[in-house]
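Protein chains: 4
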Amino acid sequence: MIVITSPHIAEERIAEIVRHIEKSGVQAHVSHGKDRTVIGIIGRAEPSLAEHIRSMQGVENVIKISKSYKLASREFHPDDTIIEVKGVRIGGDDLVVMGGPCAVETPEQIDEIARLVKEAGGQVLRGGAFKPRTGPYSFQGIGVEGLKWMKEAGDKYGLLTITEVMAPEFVDICAEYADIMQVGTRNMQNFDLLRKLGTIQNPVLLKRGFSSTYDEWLNAAEYILAGGNPNVMLCERGIRTFETYTRNTFDLAAVPVIQELSHLPVIADPSHATGRRELVERMTKASVAAGANGLIIEMHTDPDNSATGDGVQSLFPDQFANLLKELEQLAPLCGKQFNTEKAPAEAFATWRK
Amino acid sequence: MIVITSPHIAEERIAEIVRHIEKSGVQAHVSHGKDRTVIGIIGRAEPSLAEHIRSMQGVENVIKISKSYKLASREFHPDDTIIEVKGVRIGGDDLVVMGGPCAVETPEQIDEIARLVKEAGGQVLRGGAFKPRTGPYSFQGIGVEGLKWMKEAGDKYGLLTITEVMAPEFVDICAEYADIMQVGTRNMQNFDLLRKLGTIQNPVLLKRGFSSTYDEWLNAAEYILAGGNPNVMLCERGIRTFETYTRNTFDLAAVPVIQELSHLPVIADPSHATGRRELVERMTKASVAAGANGLIIEMHTDPDNSATGDGVQSLFPDQFANLLKELEQLAPLCGKQFNTEKAPAEAFATWRK
Amino acid sequence: MIVITSPHIAEERIAEIVRHIEKSGVQAHVSHGKDRTVIGIIGRAEPSLAEHIRSMQGVENVIKISKSYKLASREFHPDDTIIEVKGVRIGGDDLVVMGGPCAVETPEQIDEIARLVKEAGGQVLRGGAFKPRTGPYSFQGIGVEGLKWMKEAGDKYGLLTITEVMAPEFVDICAEYADIMQVGTRNMQNFDLLRKLGTIQNPVLLKRGFSSTYDEWLNAAEYILAGGNPNVMLCERGIRTFETYTRNTFDLAAVPVIQELSHLPVIADPSHATGRRELVERMTKASVAAGANGLIIEMHTDPDNSATGDGVQSLFPDQFANLLKELEQLAPLCGKQFNTEKAPAEAFATWRK
Amino acid sequence: MIVITSPHIAEERIAEIVRHIEKSGVQAHVSHGKDRTVIGIIGRAEPSLAEHIRSMQGVENVIKISKSYKLASREFHPDDTIIEVKGVRIGGDDLVVMGGPCAVETPEQIDEIARLVKEAGGQVLRGGAFKPRTGPYSFQGIGVEGLKWMKEAGDKYGLLTITEVMAPEFVDICAEYADIMQVGTRNMQNFDLLRKLGTIQNPVLLKRGFSSTYDEWLNAAEYILAGGNPNVMLCERGIRTFETYTRNTFDLAAVPVIQELSHLPVIADPSHATGRRELVERMTKASVAAGANGLIIEMHTDPDNSATGDGVQSLFPDQFANLLKELEQLAPLCGKQFNTEKAPAEAFATWRK
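Residue numbers (the UniProt record's numbering), protein chains in the order written: chain A, 1 to 353; chain B, 1 to 353; chain C, 1 to 353; chain D, 1 to 353.
No lab work stands behind these hints: they were computed from the structure. A couple of the hints might just be wrong.
[Stated by the list, open to error] To give an idea of the chain C side of the interface with chain A (calculated C-beta under 8 Å), a few residues:
(1) Pro7
(2) Ala10
(3) His20
(4) Ala28
(5) Ile42
(6) Ser68
(7) Phe76
(8) Glu145
(9) Thr244
[Unchecked claim] To list a few chain A residues with every Cβ distance to chain B over 12 Å, as calculated:
(10) Ile9
(11) Glu22
(12) Ile53
(13) Asp79
(14) Ser211
(15) Thr213
(16) Lys325
(17) Ala331
Each residue gets a CB set at the ideal place from its N, CA and C atoms; glycine is no exception.
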């Protein structure tokens, strides 16, 4: 941490700032510049110290040079985290594909889609049973019943399942039925929810807040890790900018940035990031080229008549299957392995026994 | 709602879209343009219809022309909502001032600050007992004990109290001790929390999400109103933009915009919006000139040694008192009334009896 | 300037960075932290040094602590700059009001509006003769003829005139007819234009680029100042954000921020900042409360039939006149003086003689 | 174009709006909704009509449904534009790679880098002779001399050259020495420059303004096309958002979006978009996967000692060469062809004869 003073402040004022710093049990190291004085802080300071000092008179700026998250950082854990669930590996050089509808609608719908995800080579079935909605009068999801249908379909076809959990009180029921817990973009800083997810062991897919910085995102992951759950993956799903033609702006550079700052797997969500079906295929391939550890893609058998609002960004089943075929060839050129044929079925079978 | 087709689509496709619309119980009205066809929808459609139709082939765009919120809209409720609590009126042509520290620290601290807020002419004591923190290692607030100290101070000096409530399970305990419930910027779309706040009658101050549009903000208010609690006020606290010199960008035009779209009172928060003490006074006056119904301002007796991070944006007590004196003169020029002397004390005394 | 190294780098690497720094004629001051080493640079470094060092291996970050602009800074010139033109003072505690149409259309139109601006108490007539347009097929302005009509109207009624200059080759002709040169938001970083404006002495109103930071804005002013023209004022006209209900987001805190960082006058443009007539009056008053040195406001006698696109944000003449009456009362509460009656006429008359 | 009225306005007001519309030579088609009336406009209206009508009383909103650009649109020109220069094809299914330093420094430097670009398989040499700089005290480029050195190097090794042109008065001299004219992000709406570029036939690479929408960008291209120069390519180089870890946010979805809206080639600039060397390789591959027609990449033999600020984002020559080798394999999986060996040399040789 570095403290920069206002220009030409009195020596006594500097001494006072130094006293304040040293009171906190860390060392201060003063350098006099031409106009301003710079005080370096040596030792690990309390996170709140920066804020205290910034509010002191005579202080122009305080710059943190260590990161505020620790468990999530690559410095703390140099090797890639690989999350293993029922034989599926997420992280490292495996590529994982999650597919399915925005919302679970009927047992038949989710069974049919699960079959298609499996046939195409996907490993995880996505589907929402509880949906966050901007306005109170929109379809809010089908509830626990939907979780059961999804679990049945996942078990039948040998797919992991992922579903969004929206509040601390739903964590236990979701964790009972689904393999992976998804935290939605609006809940990235719902700290109670994060803390609750730190107490279970199911993997958590933490979506980036639609206006959250990398630093805030990794701090949100830190909440879960600090609670004792090491199985966190991060999902880039687009950010809010001035451009409104696409639903969000897909910040694909987040993939290599987060992999550099952190050891956690990074999943890309081209469906929500673009909000337009015709962009999903190319942005999926771009995600793999950027180094993503996995993808979460919306697919629906009848998007025109889907019960929810996201039909417009859902692939048709044949588009989904063709895309996965293409990834099979693309992945090895990007340091990843992906096989639409044997691997997932085998792995799952192995786990079943 | 208006549906715009792709250029030159077949008549049968248009007929299919019309059938889909009319199935929903509303009327379709087709106009053929030179390239595109426009289909107007007459009647109140389900919110999800727009999304369905947008996802159909041959549809280029769907434009909603009615608003998705209703109870919060000025059309539904043409007169200003005035919230009355213990004799203090929020809304209409009264100006309300809320002041106090970022966080409650000790009983002495909050008693002393309450006295200063009251003496300066404020009507509401603010203070956080539970604090949302970006990282898990920061000070998280003092908890229920702090609520009690705040209530004591409020009762002693004749001030309403406002505090942030961070999760549904804390609503009841907060509502027991504090008069006004504050929803923080990160929780604006915590729909479970909003729904829970719809079930009580304490006034709610709903802060704007730091990247939320006016439409999303009013839809969040709609959740609370639709639940049965009509006492909602909206608080502009700055939005996130590319400019980082100030903590946020204070979108002060939100004040007249929201007052035009909605009947709910609008409170301005110049402390969080700017994050810098030296800007708070001028931006407070600008808020009043923009027509705000009230202000929420951080004030601390010893910001250099505050236990929390927001000292840098807290006014000193004499700055706070001088500012309120200035507002007394400014308010009448802006269609508002504000009196640092008699009004609040009297009103409170009346309510006490 | 402060250089922060990567964690745990070799001593030789540090020595190499230090050699590189000292080669540039400034001193390096090394402090060893727990993980990282911090190197302070003492003396005024070339602006490009920061960039060089940032690109060296082993360097994690370089932080500039001196500002890159000098002549525009408050440190360099502690007193407010007051620009005097024909008896009108811009800066300090005078409030200046500029009013008029988006575009000059006919001699009659501009004569009529000039009369109304003067009667209402304004001091400057605004009007565009050359217009920047997003697409090539829109109305591009009436050209030099319009400048002449404007000058006639200004002379007749005793008003200064301001007009936008769009390219270096138009600077001389604009400066011949108009008193104040306006640089539009899209041209804030048109460096050739800025340099050319540095060679004349007419005051320049430099609009903020719609996505420019304070730092970039002051650096743009520095181009003009460094060229030898000290008569620069800065104009906040709204920035581009995710919110599209208003044409721009009016960053009103820019007014006190720029006045703190710089000695140059700050003008607010509530018309372009909001893009909606119904918001202009309140945001004008808010601008004065925030401390603006002046205002530039669109006014038109017949906005419904104006030849240009900005009718929707133009005040009607009676709105304009009433607003200026209100400012007369408001200004003294905000440390400014403004008189709709005598002052401007007198001042102008004095200058005429 | 569609006009939406305020709720419940009088019939006479509607009639007045209709009269206004029909006066412009287009037809109006009125549909009465429950609250609002919608007026469809049939026929091609003047671009300014929308703005006029929006400013009329009783009008709530005007929605344009045709695009404001025409020559740049895919509707107008369904086939891909392919620009051919000296045997190099830009557009369609060819992939073009432009490489070189931020700034031309010495004849030796540019000769050496040209050789390396050619050896690696690139087809175009980039280099700046005039540099736009935020502040007036930074290195501003070496000028015309640099253009000559670049031309010599390009001719010697068989490379096209591209350089930034910063003002209308430099267009002729740049066009004399360089093959492709680059318009920088700050000049995307320098309309005089665009118009001047419309009068020549050299291909123009038009960088996206750092806060410009797709629509504004295509309108800027329209200026050049409308002037008579059909050889325009568009370059995505990142946009400004709240995230500051990367220099810009690389909006890679712009590649398929622009290719859908327009027939012009799209080039990606991963160097400026990320501003960090360690991200360039992956984001280059992602650009190809997203469907880019070409790449512009900074490469330098000695970035630590480059005279300009962008060393930190420049690849080393071996990184550049390895990356192009990878693209050779990747391109065919993304519908593009790229050959580091024969094609460019041959093509250039053919052109030379």
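For each hint, the structure was consulted:
{"no.": "1", "hint": "Pro7", "verdict": "7 Å, holds"}
{"no.": "2", "hint": "Ala10", "verdict": "17 Å, violated"}
{"no.": "3", "hint": "His20", "verdict": "19 Å, violated"}
{"no.": "4", "hint": "Ala28", "verdict": "10 Å, violated"}
{"no.": "5", "hint": "Ile42", "verdict": "5 Å, holds"}
{"no.": "6", "hint": "Ser68", "verdict": "14 Å, violated"}
{"no.": "7", "hint": "Phe76", "verdict": "11 Å, violated"}
{"no.": "8", "hint": "Glu145", "verdict": "36 Å, violated"}
{"no.": "9", "hint": "Thr244", "verdict": "7 Å, holds"}
{"no.": "10", "hint": "Ile9", "verdict": "15 Å, holds"}
{"no.": "11", "hint": "Glu22", "verdict": "15 Å, holds"}
{"no.": "12", "hint": "Ile53", "verdict": "9 Å, violated"}
{"no.": "13", "hint": "Asp79", "verdict": "23 Å, holds"}
{"no.": "14", "hint": "Ser211", "verdict": "3 Å, violated"}
{"no.": "15", "hint": "Thr213", "verdict": "9 Å, violated"}
{"no.": "16", "hint": "Lys325", "verdict": "24 Å, holds"}
{"no.": "17", "hint": "Ala331", "verdict": "30 Å, holds"}
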